[in-house]
Amino acid sequence: MSAENASAAAAVAAYLHQHETKGLLRFITCGSVDDGKSTLIGRLLYESKGLFEDQLAALDKDSRRHGTQGDDIDYALLLDGLAAEREQGITIDVAYRFFSTDKRKFIVADCPGHEQYTRNMATGASTADVAVVLVDARKGLLTQTRRHSYIVSLLGIRHVVLAVNKMDLVGYDQAVFDAIVAGYRELAEQLGIDHVTAIPLSALKGDNLLQRSPNTPWYQGTSLLGYLESVEPGARGAALGFRLPIQWVNRPNQDFRGFAGSIAAGAVKPGDEIVALPSGRRSKVVRVIGAQGDQETGVAGQAITLTLADELDISRGDVIAAAQQPPQVADQFAAHVLWMGEQRLLPGRPYWLKIGTRTVSASVTEIKHKVDVNTQEQLAAKHLELNEVGYCNLYLDHAIAFEAYADNRELGGFILIDRQTNATVAAGTIDFALRRAGNIHWQHVDVDKAARARSKAQAPRCVWFTGLSGSGKSTIANLVEKRLHAMGHHCYILDGDNVRHGLNKDLGFTDEDRVENIRRVAEVARLMVDAGLIVLVSFISPFRAERRMARELFEPGEFVEVFVDTPLEVAERRDVKGLYAKARAGRIPNFTGIDSPYEAPERAELVLDTVQETPEALAQQVIARLLD
Amino acid sequence: MSLPLLNPLPPNPSAPTALGPQALSHLDRLEAESIHILREVAAGFRNPVMLYSVGKDSSVLLHLLGKAFAPGKPPIPLLHVDTGWKFREMIAFRDRRAAETGVTLHVHTNPDGVAQGIGPISHGATVHTDVMKTQALKQALDQFGFDAAIGGARRDEEKSRAKERIFSFRNEQHRWDPKNQRPELWSLYNTRIHKGESVRVFPISNWTELDVWLYIYREKIPVPSLYFAAQRPVVERDGALLMVDDERLPLRAGERPEHRQVRFRTLGCYPLTGAIESDADTLEKIIAEMLVATTSERQGRVIDHDPSASMEKKKQEGYF
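Residue numbers (the numbering used here), protein chains in the order written: chain A, 1 to 628; chain B, 1 to 320.
Fair warning: there could be bad hints in the mix.
[Said to hold, decoys possible] Listing some non-contacts, in silico: residues in chain A with all C-beta distances to chain B over 12 Å:
no. : residue
1   : D54
2   : G140
3   : P217
4   : I246
5   : N250
6   : S262
7   : E311
8   : D372
9   : A381
10  : G532
11  : L553
12  : A581
13  : D595
[Claimed, not checked] Listed next, the in silico DMTMM-like pairs over lysine to aspartate or glutamate satisfying Cα-Cα at most 25 Å (straight line):
no. : chain 1 : residue 1 : chain 2 : residue 2
14  : B       : K195      : A       : E385
15  : A       : K103      : A       : E47
16  : A       : K577      : A       : E599
17  : B       : K179      : A       : E342
18  : B       : K179      : A       : E385
19  : A       : K284      : A       : E273
20  : B       : K313      : B       : D112
21  : A       : K103      : B       : E289
22  : A       : K269      : B       : E33
23  : A       : K105      : A       : E87
24  : A       : K105      : A       : E115
25  : B       : K195      : A       : E552
[Unchecked claim] Quick list of simulated restraints, FRET-style, between CB atoms:
no. : chain 1 : residue 1 : chain 2 : residue 2 : range
26  : B       : E197      : A       : H501      : 30 to 36 Å
27  : A       : G293      : B       : D95       : 26 to 32 Å
28  : B       : D177      : A       : A451      : 38 to 44 Å
It is worth saying that the hints were derived from the structure and are not from the lab. C-beta: ideal position from N, C-alpha, C; glycine also.
Input sequences plus hints: build the corresponding full structure.
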């Protein structure tokens, strides 16, 4: 190596060391539309030499073309990179930008202000350590300030900068600043935000952005950049024991079985005693394999692979934890849920819940209240709409290892996924496990379903008739029962109208009540199938999600979905009970097919065409399907 | 079993050996985040693939892929969408790395484009990129039935990239809808899709160009020699320095290739990728040059300067 190359190598090694040991801070900027977020970030990037000449030239050209700042540079154009954002002059989605100073590296998420894009704001906030909440000095605290501060607190960000921007437009008046700060401190106290630092700014002119401004001699605090370079948000979950949600079981050959994942909390080293959850089996760590090979200790944040002393059956979704300090395991929780779906959240409807590396089926059993994110007022709620936050009880179909979100983001934060569209429809933060989860156990009984079915000499089934009101469900179910009864089978019909007279007489016809109606009847049908019966369920059951929920209560093959396929015009023409006429007259709200949707089955076991065939012939088809 | 890719690395003086809770360095954190993402892809999808385009970002991805599943073999194959207009060295490098790492490599070239003789010189950058890259990529994904495609895009590259999720949903037509992206909270990635839909995954979203080079340096990752300065035959055309890699680059009247000391900051199709004059013939010098660079890495990409083919538009149509 030449002397020149050797010195270059030494210089780069030194630089690499400096680069690597510099801390990283992730922060978001949020606040109302037009409060100058993008200008602020643009200037931070520009001043910290985070912009290249060709990017600046392009920005200059764009600024002239859009002309929003006269001949000056419009930094917003640097961040609003989507065509629709430029057209409308608003931020739709989070932009992640990177810059660094001599002291620190930064990832800043520029979050949209519009209420419509609250979910994108939450996306940016979920990974941030610090939030910069911008307020326009002329306008003071707005609904948007409250909404964003609430989400900041919900997602556990404890360090907030209140950036009072556009101070140049209020003559750098201290009284204006003080009034806004006083109002915000009250809000922060309500929300439980511990650390608030207020800074008077002009992002456009640069006051107090990089250094203290002579225009605000009354302000003695730090500049914004000075704050960002020095704030210590503190480690989360430092006191927690070791937790490793398992992502992947690595089995390249017979001799190696490794459990791979990213350490969510604590540390691990060979020899440590661990417990695998939820099974509760114990073992000892043999090797900790990290990105550079075997290592003495694995720490939070590292992606590692563990090998254990015993052959435990551990799979993706399980959590390996310190044996002395394991997290709790439960299947019922109280949690805050930020609803992001276009369709409302309905209690009782199952969704996929992903927490750590585990995906389970979950439903909200109760919305205790919803929070008006603008006023923090608690309101009664039967469902949640887009961008609403509810405090809910959740029930999962499997017990999971978890921690309160306040202690551990990785094992306390979850998302909900719609089972039909696969869209991510909610973000949730676990508060605590419900005590009743631990106290209800399945009562073991000696006579089982198979024994009961044998004594009746039949295969128990749940035959689920779905279709519009007046489609002929009950007529056909009745014929089926008569035939089966004559053949000596044990059957029972659960009819929508009849069940509503008793078990479900407290329920109406809103979407929420329809979901609960189906949940209850599906549970009853399951008990009857367990008792060895053939159950004929005759319910409109308009939503796919609930029919799927019902299906999943049964063993494969036990659930037979029968779509009584009668077009709306035909059912309405028949109008056996006179209900369509009333609905058309506006006297029955939420009537399926009129002002409430019917979702036809996509994979019914049987589709019965009532236009072409007689009820008797259709009943015969059902019987043939049951007895084949 | 031992794969060359997975050989233990020589001790690194700058990497802490006894790690305390605060001892994770910047590159360690980025590396861990990327490995986490790669493992989620392997676990969450039926048939994932990694797009391998032979450049520096791809080289880093391939290295991370090895680490994520070591000591096992990565359960994700590679796909190279070959436009037929890559530098000759890139193809040789690609085949060598695939052989060395033992990771399965698929290569796809759009047969319709070949039949029509589509090329960057005859048809222009926009048509060439659309037919030989975007359409070719979609063909390959459909043909193999890949439901997740990992790519090396970074958020610091371009404005619309800065807006993209790490797991970026695509519909059955491979379209990206920037106004309707799935919320992506914490490191919880939604991998559920219907048949025919797919997801593009960007494990190094949060890396910068400088991070990539420093990681290549720290980990001693091989990259094509085109990144290092050398005497190469070039012509200056429309403000860009084009390398005369072979006879496929027709010279315009008055153009004569001359030897200059040049290197590349990014590697695309060779007539569309401008070289820069540079003396940086070692990794150390490349990094030193980066630290004082005043232009972005995409500045030499001819295609980026075509306003009708903005990155956002191309991505909506299925480009990476």
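Quick rundown of the hints versus the structure:
1. Listed as outside the interface, D54/A is inconsistent with that label: its C-beta sits roughly 4 Å from the nearest C-beta of chain B, within the 12 Å cut-off.
2. At roughly 30 Å, the least C-beta separation between G140/A and chain B is larger than 12 Å, which holds for a residue marked as non-interface.
3. The beta carbon of P217/A is kept farther than 12 Å from every beta carbon of chain B, the shortest such distance being approximately 37 Å.
4. The beta carbon of I246/A is not kept farther than 12 Å from every beta carbon of chain B, the shortest such distance being approximately 9 Å.
5. The non-interface label for N250/A is inconsistent with chain B: the shortest C-beta to C-beta separation is roughly 5 Å, within 12 Å.
6. With a least beta-carbon separation of about 4 Å from chain B, S262/A fails to lie farther than 12 Å from that chain, contradicting its non-interface assignment.
7. Every CB of chain B lies more than 12 Å from the CB of E311/A, the least distance being 18 Å, so the non-interface label holds.
8. In this structure D372/A is separated from chain B by more than 12 Å, as the shortest Cβ-Cβ distance comes to about 21 Å.
9. With 12 Å as the threshold on Cβ separation, the claim that A381/A sits away from chain B holds: the shortest Cβ distance comes to roughly 21 Å.
10. Residue-level check passed: G532/A sits 36 Å from the nearest beta carbon of chain B, beyond 12 Å.
11. Against the 12 Å criterion, L553/A stays outside the reach of chain B, whose nearest CB is about 22 Å from its own CB.
12. For A581/A, the non-interface assignment is confirmed: its Cβ lies about 40 Å from the closest Cβ of chain B, beyond the 12 Å cut-off.
13. Remark: the non-interface label on D595/A is consistent with the geometry, its nearest Cβ contact in chain B lying 27 Å away (cut-off 12 Å).
14. Taken as a hint, the K195/B and E385/A pair is broken in the structure, with Cα atoms around 28 Å apart against an allowance of 25 Å.
15. Proposed proximity of K103/A and E47/A is supported: the alpha carbons are some 14 Å apart, at most 25 Å.
16. At roughly 22 Å between alpha-carbon atoms, K577/A and E599/A fall within 25 Å of each other, so this suggested pair holds.
17. Of the pairs offered as hints, the one joining K179/B and E342/A holds, with about 14 Å between alpha carbons and a cut-off of 25 Å not exceeded.
18. A C-alpha spacing of about 19 Å is found between K179/B and E385/A, which places the hinted pair at or below 25 Å, so the restraint holds.
19. With a C-alpha separation of about 4 Å, the suggested pairing of K284/A with E273/A holds against the 25 Å cut-off.
20. As the CA atoms of K313/B and D112/B are separated by approximately 22 Å, the hinted pair is consistent with the 25 Å bound.
21. A threshold of 25 Å between alpha carbons decides the hint, and for K103/A with E289/B the separation of about 21 Å falls inside it, so the pair holds.
22. Between K269/A and E33/B, the direct Cα distance comes to roughly 21 Å. Compliance with the 25 Å bound is thereby established for this hinted pair.
23. Of the supplied pair hints, the one linking K105/A and E87/A is violated, its CA atoms being roughly 32 Å apart against a limit of 25 Å.
24. Between K105/A and E115/A the alpha-carbon distance is near 30 Å, which puts this suggested pair outside the 25 Å criterion.
25. At roughly 21 Å between alpha-carbon atoms, K195/B and E552/A fall within 25 Å of each other, so this suggested pair holds.
26. Look at E197/B against H501/A: about 45 Å separates their beta carbons, and that is not inside 30 to 36 Å.
27. Between G293/A and D95/B, the C-beta spacing of about 28 Å keeps the proposed range 26 to 32 Å intact.
28. Checked against the hint of 38 to 44 Å, the C-beta distance between D177/B and A451/A comes to roughly 54 Å, which is inconsistent with it.
Violated hints, listed in ascending order, are 1, 4, 5, 6, 14, 23, 24, 26 and 28; each of the other numbered hints is respected by the structure.
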